[in-house]
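Chain by chain, the residues run as shown.
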Amino acid sequence: MLPSSQPCLDHKCPERSQAMSILRINQLHKSYRNGQDLLPILQGAQLEMHEGEILMLLGPSGSGKSTLLNLIAGIDEADSGQIEINGTRVTDLNERDRTLFRRQHIGTIYQFFNLIPTLTVLENILLPLQLNGRMGESKQALQQMQRLGIEHRKQLFPEQLSGGEQQRVAICRALTHRPALLLADEPTGSLDLESANTVMQLFLEQVHEYGQSLVLVTHNPEITTMANRILRLDKGQLVAV
Amino acid sequence: MRSPTLLTSWRHFQRHPWQLLLLLLGILIGVAAVTAVDLVNQSARESFRLANEQLLGRSRFQINADTPLPEALYRRLRTELALSEATPVVSGFVNDGLDKAILLRVIGIDPLAGAPLDQGFDGVRLNPPLGLAQLMTTRHGVILDSRTANQLEVTVGDSIPIVTKKGRQTISVLALLEGADDPRSNNLLIMDIGQAQQLLGLTGRLSQINLTDLDQQQQHRIRAWLPSGYRLQTAQQQHQSTVGLTDSFHLNLTALSFLALMVGLLLVYNSTHFSLIQRQPMFGQLRALGVTAAEVRRALLWETLAIAIVGSLLGVLVGIALAQLLFGLVVQTIDDLYLSNNINRLFISVPMLLKPLLIGTGGCLLASWPSIRQLARIPPRQSQLRYQQEQSAARSNRQQLYLAGCLLASSALLAVWRGSGLIGGFIAIAALLLGLALMTPMLVAGISRLLSAPALQRHPNRLAIWRMALRDCYRNLSRTGVAVMALMIAVAATIGMAVMIDSFRSSLEGWLQQRLNADLYLRLQRELPGQAEALPPELIAYVRNHQAVRAVASSRRIASSLNGRRVEVFSSNLPEPMRRGYRFTEGDPDTIWKRLYKQDHILISEPLANRWQLATNDRIVLQTGSGLHSFTVAGIYLDYGSDNGRILLPETRFKNHWGDARPTTLGVYLKPSADADRIIAELQQQFGRLSNQQPNPLSNQVSNQRPRQQQPLEIRHTARLLQKSLQVFERTFRITDVLRLLAMGVAAIGILGALMALQLERQGELHTLRSLGLTPLERAKLLLYQSGWLGLLAGLIAIPSGHLLAWLLIEVIHLRAFGWSMIYQPSLSAALLGLLLSVAAALLASLWPAWRFARYRPRLQTE
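The listed protein sequences derive, respectively, from chains V and Z.
First residue of the first sequence: 3, per the working numbering; consecutive thereafter.
First residue of the second sequence: 3, per the working numbering; consecutive thereafter.
Incorrect hints may appear among the rest.
[Claimed, not checked] Some chain V residues near chain Z, calculated using beta-carbon distances under 7 Å: (1) Gln113; (2) Asn116; (3) Thr122; (4) Leu131.
[To be verified] In silico contact screen, one side only, chain Z against chain V (beta carbon under 7 Å); selected entries: (5) His14; (6) Gln280; (7) Ala290; (8) Thr294; (9) His548; (10) Arg552; (11) Ala553; (12) Pro579; (13) Leu849.
In short, the hints are calculated from the structure, not lab data.
Glycine is no exception: its CB is placed at the ideal position from the N, C-alpha and C atoms.
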């Protein structure tokens, strides 16, 4: 079942063009060294994304999707080009400021959940609030857990959960501090189809409810129907599908 | 816990308590070794200080000489210089006659010049109160402190049998010193000076004269007035001259304890490094969630600090227990080597314990800092990639290689540069070991890589596990590198010490065989330390005239001082066979012996020459019985008898300067046809118990009417003497064995930690191996092969490293610390033993991880 309010899929629609820009990428270049060789990944990628937009990113393995997400999150550094999030040019920030910016404005979900194994479900979920000094909002986090159906598992450790449950915890953690931009790297890639659909549906419901923007990397064709816009990474460039 | 990073750390160790345990053990053993040696060293120093203070009391100056002072000097001092505050003191040692093996120090004071409690004890009282007359008139009446009384199980009014130089005597307990919470009062007998002189056989003589505060002018006046041979010393000067004797010995012990600490800290680095890189992906996740590098760094520093404090505290506690064990060995060695009997108990105080605590904590923080800094600096994306970690390890290997080169170059420089002194020598050793250790992981990786290739082609099926183990060795370099380094250092130290000790033993044995070349040695039996009685002339004459004797070497040894430091002065008639036992560092022996008989020439030992940078024909000024006198060095002889230095001069010259050259030892050279046993029996029959007279250096000044004493004659076969000397030698190095074992223990723990961490980290891989059909035994073999191989390579690298270390110990440390030169002898047995030890330690450490590896069952997730 899809979310009730379907977003406009055309990024040129009037409603969308009036919305504020949440993410701007300009002439982004990134390559990796493999021994003596330089392997170009991104070669002048360009993108503009608006508030509340759900953008789906496709591309074969090794095309640079995860690299792009890492660069947007400020986890990795670009060779050249700019990334602007919510009016802040993150490519100009130093490592510390990028980290602090990420802590406040970005939520990330990975294919393999990346939960902290030594923290309980609840501690994992509250972690972004704790880091941002917003523990007063923990009640909302509990409500979010309830909505995602993991409240009864809050005292368990990640390894005691199923894959679907772990991904729900990861989603809850990414949403709990209400970041403006969500980045999801194949969030259902390690789940079976049924679990993947359930998790994704819950996830998109939450994104819609709070008007958050989402960049979603996926191979799942069923999910593409939920996106406002679909882009493909081709030869280091972002092209519309 | 407020910090999520700290919370994750805490939970990590909750899940892997063995990792925390091994980390704590590494710190604990290193700190325990330092604590124990430090406590023992400081106790020895404290004992020397207290022994001096026992004699000084509240006084700050003393007049003394190399031999007892005549009472006349004290009387003249009071009358001619009007020094009414001067107090005479007589002291000596006696053994308890109750078979409790307690050495008691007798101090005789003049109750008219200073009250018995003026020995500087605060807040004490006598129980019962004692009148001066009673102390002065009761035969052998003593005051002793209540703790010593308890030890001896005696009380007021009791008589105690004691053993003095004069034989068994009895003392009476007049009063107990109560409330003296002062170590100086331990095993102390306070007596009236006259009674003490009688008891100790020092009638008419004093051990020293104490003086209170003296200004510069008074000091100058006293020094000008004092006859030759007497000196005015401050408490500090006296302390230096006694403590200085054992400085090199303590420094060596300290260096060994720091070796254990160095290995311990390497393992702290190793364990911290492990626990951090193991958690690297988790820290990467935290960083991705917005935890800054500074926050990670701060949290890890707190974590390390907490572990370091706990580990160091435990180390200090274990160190105190270990100190009790080492104390006996050290005291025995100091007694053997320095003839000192001042050390009687272990001193423990809070400041003494703070030092190892700080060293342990600071060392841990320093050892962990590189890993913490590296971890915090890694970009979050990279921290989640294992291959990045191995690449980063490979990069750091190149840096390590450069660093190793610099360290080895510095080591060579310090070894060659004599001016860097003993400390420079120890730094050279540390730099050598660290430099070689830094190269070890690269050598291990290189050899493993080299060997894994042919193995791959020749027996692809049979050697599959072996090949995997070899590959693991270089693939897991970031995990195993430091543990292998630590093992290599510990084994190299073991080999190095063994080679050094073997070389030393061989040099010493050769020297003893040359030096102890007489057939029999005669002296009066010594019941108390430092006691050396002159042999009666009738015995000397009898031996000299005996038809079976071809030569007799008569010797006398006294203590003197050169540049404020004690030296032993030997006088001898130097018969030809005795002269043959002497080897010189340079020059023709015949020329040297001829030169010795020129006016005011002496021979000096190699340690003395090295200590004061003396060469042949240099002049030295010695404190003689008749004042300061200048002598010329005729030659320098090899000597392992004393690291403080010895001086040898002909009997006649000795008599001229010291007054009394009566021999205390005879070396008897028998004719080839003589029956040694028959001569021993003959001598025992005629001279079994002897009368003798004490030396009288100032007979012209003092009355010398003392009772004659009876003492047994001691006749020793050279072979027995040689055996006893070697026993002392072995005992001297027993303490080093304990410390080396500690270092090996720490290294084995390091290997265990490394393998446990690997086993934990490779659970995913294990799952695959299990599903591929590897049996439990094959999985265990994988780890055992890897560990055994690492042990073998560490051992192989340790062989040349250990020999280099031995060379430095012999050519640099021993020469600079003790002045001894010895012949460096590589040892195959030490090398093989070291290799065996290395493999055994590594295999032993891998048993538990291998067992866990074999029993691995994957955790099944429930959907």
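Can we keep the Leu849 (chain Z) interface hint, with Cβ of chain V closer than 7 Å?
Violated, because the Cβ-Cβ distance from Leu849 (chain Z) to chain V comes to roughly 28 Å (cut-off 7 Å).
Hint validity - Thr294 (chain Z) Cβ closer than 7 Å to any chain V Cβ
At 5 Å from the nearest chain V Cβ, Thr294 (chain Z) passes the 7 Å test, so the hint holds.
Tell me if the interface restraint on Thr122 (chain V) is satisfied: Cβ within less than 7 Å of some Cβ in chain Z.
violated (9 Å)
Under 7 Å is the threshold here; is the Cβ of Asn116 (chain V) close enough to any Cβ of chain Z for the hint to stand?
Because about 5 Å separates Asn116 (chain V) from the closest Cβ in chain Z, which is inside the 7 Å limit, the hint holds.
Taking the closest Cβ pair, is His548 (chain Z) under 7 Å from chain V?
His548 (chain Z) check fails; min Cβ-Cβ to chain V is 87 Å, beyond 7 Å.
Please verify that hint: His14 (chain Z), Cβ, nearest Cβ of chain V, below 7 Å or not.
Interface hint status for His14 (chain Z): holds (5 Å vs cutoff 7 Å).
Report holds or violated for the interface hint on Ala290 (chain Z), using the least CB-CB distance to chain V and a cut-off of 7 Å.
holds (5 Å)
Interface hint compliance - Leu131 (chain V) to chain Z, C-beta minimum distance less than 7 Å
With a minimum Cβ separation of about 11 Å from chain Z (threshold 7 Å), the hint on Leu131 (chain V) is violated.
Can we keep the Gln113 (chain V) interface hint, with Cβ of chain Z closer than 7 Å?
violated (12 Å)
With 7 Å as the cut and Cβ atoms as the points, is Arg552 (chain Z) at the interface with chain V?
Since chain V brings no Cβ nearer than about 84 Å to Arg552 (chain Z), farther than 7 Å, the hint is violated.
Proposed interface contact between Ala553 (chain Z) and chain V, which counts if any beta carbon pair is under 7 Å
At about 82 Å, which exceeds the 7 Å cut-off, the nearest Cβ of chain V leaves the hint on Ala553 (chain Z) violated.
Proposed interface contact between Gln280 (chain Z) and chain V, which counts if any beta carbon pair is under 7 Å:
Nearest chain V Cβ about 11 Å off; hint violated.
The structure does not agree with the numbered hints 1, 3, 4, 6, 9, 10, 11, 12 and 13 stated previously, though it agrees with the rest.
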